[in-house]
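**Q** Given the coordinates of chain E, work out where chains G and Y should sit on it, guided by the hints.
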Amino acid sequence: MLNEIILAGFGGQGILFAGKILAYGGLMDNKEISWLPSYGPEMRGGTANCSVCISDDPIGSPLVLEPNYLIVMNTPSFDKFIGSVQPGGKVFVDSTMVDRTTDRDDIECFYVPASQLAEDNDMTGMANIILLGKFIKETSIISLDTLQKAFEKAIPPKKAPLIDVNMNAINIGGQV
Amino acid sequence: MERNLMKGNEALAEAALRAGCKCFFGYPITPQTEISAYLAKKMQANGGVFLQAESEIAAINMVLGAAATGTRCMTSSSSPGISLKSEGISYIAASDLPCVIINVERGGPGLGGIQPSQSDYWQATKALGHGDFQLLVFAPASVQEMVDMVVKAFDKADEYRMPAMILADGLLGQMMEPVTFPEISSEQMPKPWACDGTKMNREHNIINSLYLQPETLENSNISRYERYKKIKDTETDAEIYLCDDAEIVVTAFGATARVAKSAVNTAREQGIKAGLFRPKTLWPFPVKEINESCKSAKKVLSVEMSMGQMIDDVKLALECRLPVSFFGRVGGVIPKPSEVLEEIKKLGGAD
Amino acid sequence: MAVVFEKPHALCDVNMHYCPGCTHGIIHRLVCEVIDEMGIEGNTVGICPVGCSVMAYDYFNCDMIEAAHGRAPATATGVKRARPDLMVFTYQGDGDLAAIGTAETVHAATRGENIVVIFVNNTTYGMTGGQMAPTTLPGQVTQTTPFGRDPQVQGYPIRVCEMLSTLSGTALAQRVAVDSVPHINEAKKAIRKAFENERDKKGFSIVEVLSTCPTNWGLSPVEALDRLRNEMIPYYPLGVFKDCDAKNPKEEK
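Residue numbers (my numbering), protein chains in the order written: chain E, 1 to 176; chain G, 177 to 527; chain Y, 528 to 780.
Treat the hints as calculated values from the structure; they're not laboratory data.
It cannot be assumed that every hint is accurate.
To spell it out: a stretch of chain E is covered by chain G in this simulated footprint if at least three of its residues, at any positions, have a beta carbon under 8 Å from a beta carbon of chain G; those stretches are [stated by the list, open to error]:
#	segment
1	11 to 24
2	33 to 39
3	62 to 73
Just so it is clear, CB atoms sit at the ideal spot from N, CA and C, and this is done for glycine as well.
The following block holds chain E by itself, in its conformation from the complex:
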């Protein structure tokens, strides 16, 4: 089974980090994985996106063109990628940041006010992880246990307290 995921938003929203956590999850589950960021001037505050593939088989092109999952945190990215989602795919939208909905009826769209939830829970800057929590809940590509391990692997020991903070954000997203 090949899962092809695009995560997209503004630079600074933690798009690449959220993608890395998914990739680390795949790593912990001994899957084949790839993570490919957009790079260049986009890093400096423009749009940012990354392609994540998680699969049982070796991965061909790491560039995802037609994702079966889309995690999207701003309007330009929503507009850019919504049409490319495979029929039957799932889309996770930070509805605080994206002011529109799709009229596609062949995909499932979850609108999560992730940025608002982050602010309400004193977790500014963690909307990405809250949205990821919803993604995990609805797709079960990765278990919560695996996710915990992924955070442990991705977050350096110096910043260990952040692991719990991230898992809390995941749970908030999961409860939406």
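**A** Frame of chain E; chains G and Y shown alone:
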């Protein structure tokens, strides 16, 4: 062995450290800067030297100096920076010095772009500087191969006393994949030719590329080409995928080969007898291997992120026995598997 | 019989290719005398330039590396960084050091690269037959300034020691000449000081040696020495432009 998740550029840098690289000289350029950043952090703790040079030109000549002492050393850049290094690379080749040069290619010509490209194939395999010389050119297609090939590049560069290049691209440099690091022997070949001080117990060593007598210079070229011949005979490497009964063989290297492989798999699912030939060494080009993989082929398709460069070597290797067509995207555009599939179908695979 | 004068061990026993009256031979000898006196030959690596002294690798008995044109300071950096235990010097002419290799020179100096640079300034490109150098004097006739160097057209000469003396990494910047015995003695002291600086890890030391090129100047060796004295020294004054040990004890560190 532990699987790590690493960016291609970082994995490559870590592999260089483990292969005993003690000096890195470089200059920042996208999309390879992570190599410098990684080594800037780690080199000193490994007993090595990281130095950001004032230019690509200075960096490659620092490599020449460090290599002349017999120290394993490396530089890395991306396409425009490699052009600047070409003078030094010619001198290094002519001085019979081993070193490793990384090119994480981006779109060209000129300042070009910063997205992935393979349009430095000709430069790497045919003309990286003036004069008759070659580099060993390795073309990784995964983060794991970035690691394995760097280790091999250091060994082979020492063995043949010549520069070795890793020809990667922005996609491979920037992507993360699982990677494991092999056990690496710390043993290196003795380098009696090195300029590391005579200790007053031997004649002085001279590292030089100047020969004003034509016959002497000719002889130095000839003996270098004798080494090249041995390399052509023994050092080629390629992946041959589903070629046994393939009527259409797709040839591609590096990141493009991954796209091509996806297309070949889909073609097979649709009943088209397609296969993939992927050279892992671009120089020497795997002539024997491509002929093997094209045994039952009727047509060949070269897929590249260029306007068509490797296709020349494909045709030469096949001695034009088979029709070779081309599909490429340039400027940083990565070909899509669906586009490659269309090309395969055009070649008669479609019923 | 007592030996009163002999070839330094660090100097190879071979014929040199330099023109009659050229002062490269004196400068080679001074460097070799210093290497002998300091007992560092077995631990020294020299870097040759492109220019008249391109074949100096055949004249120095220590290990030698031929660099690309202008790149000797970068190549020396590579050697020194890889093997800080080695003594490393470059031997460069004016075109090599102050034209095509300006960036390498300036940056090696500002990094305080712990090397010795012997800079031979004869105000012309000798090897290629006498073209304008970055140090060619205003009015000087060369193959490529047949009507004399016109600063309005070709710009002004570079005073290298003065320029490099502004850099914090420079430990020693001294200009000397080899036109007379007192000057030659002074030159040797400067070269010795430069090598001692390297031994003591003080940073980048450059000794600029005003030199002659009778062939391309179209002068006899004696006339050439006169020109050095009468035309070059007034434009390129001799002296110490920077010495990390002297006066202003704590320069900008």
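**Q** Against each hint, give a clear statement of whether it holds in the structure.
**A** Each hint tested on the structure:
1. 11 to 24: holds (count 3)
2. 33 to 39: holds (count 6)
3. 62 to 73: Our answer is that it holds, as 3 residues pass the Cβ test (under 8 Å) against chain G, meeting three.
Hint compliance for this structure: no hint is broken.
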